[in-house]
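With the hints as your guide, set chain B onto chain A.
2 protein chains.
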Amino acid sequence: MSVLESEIRQQPQVLTTLLDEEAENAHRIAGDLQGRQVKYVIIAARGTSDNAARYGQYLLGAYNRLPVGLATPSLFSIYHEPPRLDGALVIGISQSGQSPDIVAVLEEAQRQGVPTLALTNDPDSPLAKRADYVICLHAGQERAVAATKTYTAQLAALALLSCALGDDPKRLAALRRAPHAVGRVLEQGELVAGGVVRYRYMDTCAVLGRGYNYATAFEIALKLEELNYLIAESYSSADYMHGPIAVVGSGFPALVVAPSGVMFDPMREFSLELRSRGAELIIISDRQELLAEAVTPLPLPEGVPEWVSPIVAVVPGQLFALYLTLAKGNDPDQPLGLQKVTITR
Amino acid sequence: MSVLESEIRQQPQVLTTLLDEEAENAHRIAGDLQGRQVKYVIIAARGTSDNAARYGQYLLGAYNRLPVGLATPSLFSIYHEPPRLDGALVIGISQSGQSPDIVAVLEEAQRQGVPTLALTNDPDSPLAKRADYVICLHAGQERAVAATKTYTAQLAALALLSCALGDDPKRLAALRRAPHAVGRVLEQGELVAGGVVRYRYMDTCAVLGRGYNYATAFEIALKLEELNYLIAESYSSADYMHGPIAVVGSGFPALVVAPSGVMFDPMREFSLELRSRGAELIIISDRQELLAEAVTPLPLPEGVPEWVSPIVAVVPGQLFALYLTLAKGNDPDQPLGLQKVTITR
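Those sequence lines, one after another, are chains A and B.
Under my numbering, residues 1484 to 1828 are what the first sequence spells out, in order.
Under my numbering, residues 1484 to 1828 are what the second sequence spells out, in order.
It is possible that some hints are incorrect.
Identical copies carry no separate label here, and so any pair may be met within one copy or between two of them.
DSBU-like mimics (lysine-lysine), calculated; alpha carbons at most 35 Å apart, straight line [to be verified]:
hint	residue 1	residue 2
1	Lys1522	Lys1653
2	Lys1811	Lys1823
3	Lys1811	Lys1612
4	Lys1612	Lys1653
5	Lys1811	Lys1522
6	Lys1823	Lys1612
In short, the hints are calculated from the structure, not lab data.
Just chain A, same shape as in the assembly (with noise of 0.2 Å):
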């Protein structure tokens, strides 16, 4: 087995271990970050990382009625030029704690007194050194360059985080289930494998996801992008419609991330326009009325809330991930050109 898919394996198993040891220390910051004024929330990361905060941008938002906005890391690392921050929590997530640009986020935060929280897998890494606060990963250490059990477990961390600003224990419990389900999705590992050869040859497709799970839509296309040597290309359904659907024709493969919720009958209509566009559909979803009308259905386990449905629908997206580059007769270990910890200024 490569060290890839041990990595995705033992996804269950980290966010158990994550849930259990994090959720008091969450708790004693959001108690603490009571007393900040918080107004907003700005999110520093890159990559795999930037794909969990756009779920926290729906989470915060949603839950915490906090708005949640995206850094621009180079106003800080290279401009010179940061913003005022008062009023923000700043929030810096990365694997490594590494990233110069995303620790000079967080350096200014502090030098601006507004607080600061690190989400990573090193609580002795710099990101870590310039937070007040710091929620650690406990994913041990991740030796595949693309990055999967750490990114399931930045998204429980901000879960975590969200459960203890509301200070609700039955979404709590909720999110002690996530683990469950995404053992349900690994058991499916052969089901994905079977459907995967099909793909062999793509080499350009889209994948769509909005609200919550528009985060799951762009780590899945990334994990494509990094593994296979393709152009995944990934969007908010809405923004699609609005300029680069037009390259849907006969047999685009769409691969749609729709998994029950508030967000299902929106992307349900959109994966139809999608067909009747031409697209082949490849759907992930818990809902056999749409895995139907796919020419792959990468099914997920019912009855899981649609804001932890991103940890667990990411899941089938990695396994396509693993399976495709195993097809292709790749190492999933050795993607061309890239390094675990990708510094950038």
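Frame of chain A; chain B shown alone:
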């Protein structure tokens, strides 16, 4: 001449009219906003207008020290779980002013009593009606499906606002020279047309920029996609390094936007990294040393300040997309499968 080409060529005139007609209005809006304790900005937009919003993030961040986040419209229009907006200025950008999801964001902002501003080509649109303040784009009717003159007008409107908020007549004077610089790019149309035929059978490419011209990369990619039924991926150069660069191999076409300014050196270094991986470089720049590295150089006039450069640097990209459409024998005024006004909820 196609409608699209004539609208591209109207840009110097549109920009001049906008800067003349709206400078005083922007000044008045800025004065009003001083009293309203704006701590940060949220911009709601889709498609081309969302790319203008990306420019706003850097411009208002660097010069006005305002953190700017892009709205998550579905929280307002589909989830009905809008965040608390106190401390925010909420800006809606839309050529038509029609899209219900964007209108929903301003509607909620008004309900919460925070200041709202619309940038739109239609001062009688639903978006304008939901805004305390309106800056009209004065672009005349835009008939081509692919937006060009309203995009540069949106950038100029944001720049006017930034100058007014900073009460800086020197910056305003620099901005007033933008229409002339755009005119100089338009004079080079034949040069672009000649260079484009090489890309007749290109089906994928990447478009890359960072900082102020992050927006430019996104907008050029969108024009290529709307008009040419190809996949043009846009990324910040920093995000590209965190994974997607894996796809770059021999002959992969990479269009890099790199005008003079603070970001020039990092973008030059990044371009050389792409070339060392085998990429074919298409470079938009005013710097000969970098243009010389390109298979297809797209020169810009010199002397444009970096913060103004996005208004100018997008124009070679618009021409590139237009001439590629003609080289393919397609009709730039009738891109398949798109409508002028896209309604998303």
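So, going through the hints one by one against the coordinates:
For the homomeric pair lysine 1522 and lysine 1653, the shortest alpha-carbon distances inside one copy (25 Å) and between copies (34 Å) are both at most 35 Å. In this homomeric assembly, lysine 1811 and lysine 1823 come within 35 Å of each other (Cα to Cα) only inside a single copy, at 22 Å, whereas the closest approach across copies is 41 Å. Taking the shortest Cα distances, lysine 1811 and lysine 1612 never come within 35 Å of each other, neither inside one copy (42 Å) nor across copies (55 Å). With identical chains, the CA atoms of lysine 1612 and lysine 1653 are at most 35 Å apart within one copy only, with a shortest distance of 33 Å there and 41 Å across copies.
For the identical chains of this complex, lysine 1811 and lysine 1522 are neighbours neither inside a copy (49 Å) nor across copies (51 Å), given an alpha-carbon limit of 35 Å. Only within a single protomer do lysine 1823 and lysine 1612 lie at most 35 Å apart by alpha-carbon distance; the minimum there is 21 Å, versus 50 Å between protomers.
Hint compliance for this structure: hints 3, 5 are not met, and every other hint is.
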